[in-house]
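> Please model the complete structure; the sequences and the hints are all you need to start from.
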Amino acid sequence: MGNVVAGFGYEHEKWKSYHLKRRKGERLDALKRGHGFGNKIFVEQVWWPLAGHFHVLHP
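In the UniProt record's numbering, the protein residues as written are 1 to 59.
Be aware that a few hints might be false.
[Claimed, not checked] Cut-off 27 Å, straight-line C-alpha distance, at most; resulting in silico cross-link-like pairs (DSSO-like, lysine-lysine): (1) 16 / 32; (2) 16 / 40; (3) 32 / 21; (4) 14 / 40; (5) 40 / 24; (6) 14 / 24; (7) 40 / 21; (8) 14 / 32.
[Stated by the list, open to error] Label-pair restraints from in silico Cβ distances: (9) 37 / 14: 13 to 21 Å; (10) 51 / 25: 27 to 35 Å; (11) 17 / 41: 14 to 22 Å; (12) 9 / 34: 14 to 22 Å; (13) 9 / 58: 18 to 26 Å; (14) 49 / 24: 31 to 39 Å; (15) 7 / 37: 14 to 22 Å; (16) 28 / 55: 15 to 23 Å; (17) 10 / 42: 14 to 22 Å; (18) 26 / 50: 26 to 34 Å.
Simulated from the structure, these hints should not be mistaken for laboratory data.
For each residue, glycine too, the CB sits at the ideal point set by N, CA and C.
Right, here's the structure in full:
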(Lines of atoms letter the chains of each structure in order from A; the text may use other names.)
(Lines give C-alpha, C1' and ligand atoms only; values in the text may rest on other atoms or scores of the structure.)
Protein backbone atom coordinates (compact mmCIF):
# COMPACT_ATOMS: atom_id res chain seq x y z
CA MET A 1 0.00 0.00 0.00
CA GLY A 2 2.94 2.34 0.60
CA ASN A 3 3.84 2.17 -3.09
CA VAL A 4 0.36 3.32 -4.07
CA VAL A 5 0.68 6.44 -1.92
CA ALA A 6 4.23 7.12 -3.11
CA GLY A 7 3.08 6.55 -6.69
CA PHE A 8 0.22 8.98 -6.22
CA GLY A 9 2.45 11.75 -4.86
CA TYR A 10 4.95 11.43 -7.69
CA GLU A 11 2.34 11.14 -10.44
CA HIS A 12 0.24 14.00 -9.02
CA GLU A 13 3.21 16.38 -8.99
CA LYS A 14 4.19 15.31 -12.52
CA TRP A 15 0.60 15.84 -13.75
CA LYS A 16 0.30 19.23 -12.05
CA SER A 17 3.70 20.41 -13.38
CA TYR A 18 2.77 19.34 -16.91
CA HIS A 19 -0.41 21.43 -16.85
CA LEU A 20 1.27 24.42 -15.17
CA LYS A 21 3.94 24.51 -17.91
CA ARG A 22 1.34 24.45 -20.69
CA ARG A 23 -0.79 27.34 -19.45
CA LYS A 24 -0.27 31.10 -19.68
CA GLY A 25 -1.95 34.20 -18.39
CA GLU A 26 -5.30 33.85 -16.68
CA ARG A 27 -5.48 30.09 -17.26
CA LEU A 28 -2.17 29.68 -15.43
CA ASP A 29 -3.28 31.93 -12.57
CA ALA A 30 -6.59 30.09 -12.28
CA LEU A 31 -4.80 26.74 -12.10
CA LYS A 32 -2.40 28.01 -9.44
CA ARG A 33 -5.30 29.41 -7.39
CA GLY A 34 -7.80 26.68 -8.08
CA HIS A 35 -5.99 23.39 -7.54
CA GLY A 36 -6.03 23.41 -3.78
CA PHE A 37 -6.83 21.09 -0.93
CA GLY A 38 -10.27 19.97 -2.15
CA ASN A 39 -9.07 19.07 -5.63
CA LYS A 40 -6.10 17.13 -4.28
CA ILE A 41 -8.34 15.17 -1.89
CA PHE A 42 -10.67 14.31 -4.79
CA VAL A 43 -7.90 13.01 -7.03
CA GLU A 44 -6.20 11.18 -4.15
CA GLN A 45 -9.26 9.50 -2.65
CA VAL A 46 -11.58 9.11 -5.64
CA TRP A 47 -9.84 9.43 -9.01
CA TRP A 48 -6.51 7.70 -8.25
CA PRO A 49 -8.02 4.56 -6.63
CA LEU A 50 -10.46 4.14 -9.54
CA ALA A 51 -8.27 5.06 -12.51
CA GLY A 52 -4.71 4.74 -11.22
CA HIS A 53 -3.48 7.42 -13.64
CA PHE A 54 -4.05 11.04 -14.70
CA HIS A 55 -3.90 10.54 -18.49
CA VAL A 56 -7.37 11.89 -19.31
CA LEU A 57 -7.91 14.14 -16.28
CA HIS A 58 -7.68 17.89 -16.86
CA PRO A 59 -7.53 20.37 -13.98
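> Give a verdict on every hint.
Structure-based check of all given hints:
1. 16 / 32: 10 Å, holds
2. 16 / 40: Satisfied, since the Cα-Cα distance of roughly 10 Å is no more than 27 Å.
3. 32 / 21: 11 Å, holds
4. 14 / 40: 13 Å, holds
5. 40 / 24: Judged against 27 Å, a Cα distance of about 22 Å means the pair holds.
6. 14 / 24: 18 Å, holds
7. 40 / 21: 18 Å, holds
8. 14 / 32: 15 Å, holds
9. 37 / 14: 13 to 21 Å: 19 Å, holds
10. 51 / 25: 27 to 35 Å: Holds: the Cβ-Cβ distance is about 30 Å, inside 27 to 35 Å.
11. 17 / 41: 14 to 22 Å: Holds, at about 19 Å.
12. 9 / 34: 14 to 22 Å: 20 Å, holds
13. 9 / 58: 18 to 26 Å: 20 Å, holds
14. 49 / 24: 31 to 39 Å: 33 Å, holds
15. 7 / 37: 14 to 22 Å: 20 Å, holds
16. 28 / 55: 15 to 23 Å: Since residue 28 and residue 55 have Cβ atoms about 22 Å apart, the given range 15 to 23 Å holds.
17. 10 / 42: 14 to 22 Å: Check passed, 18 Å falls within 14 to 22 Å.
18. 26 / 50: 26 to 34 Å: Since residue 26 and residue 50 have Cβ atoms about 31 Å apart, the given range 26 to 34 Å holds.
When held up to the earlier numbered hints, the structure conflicts with none and fits them all.
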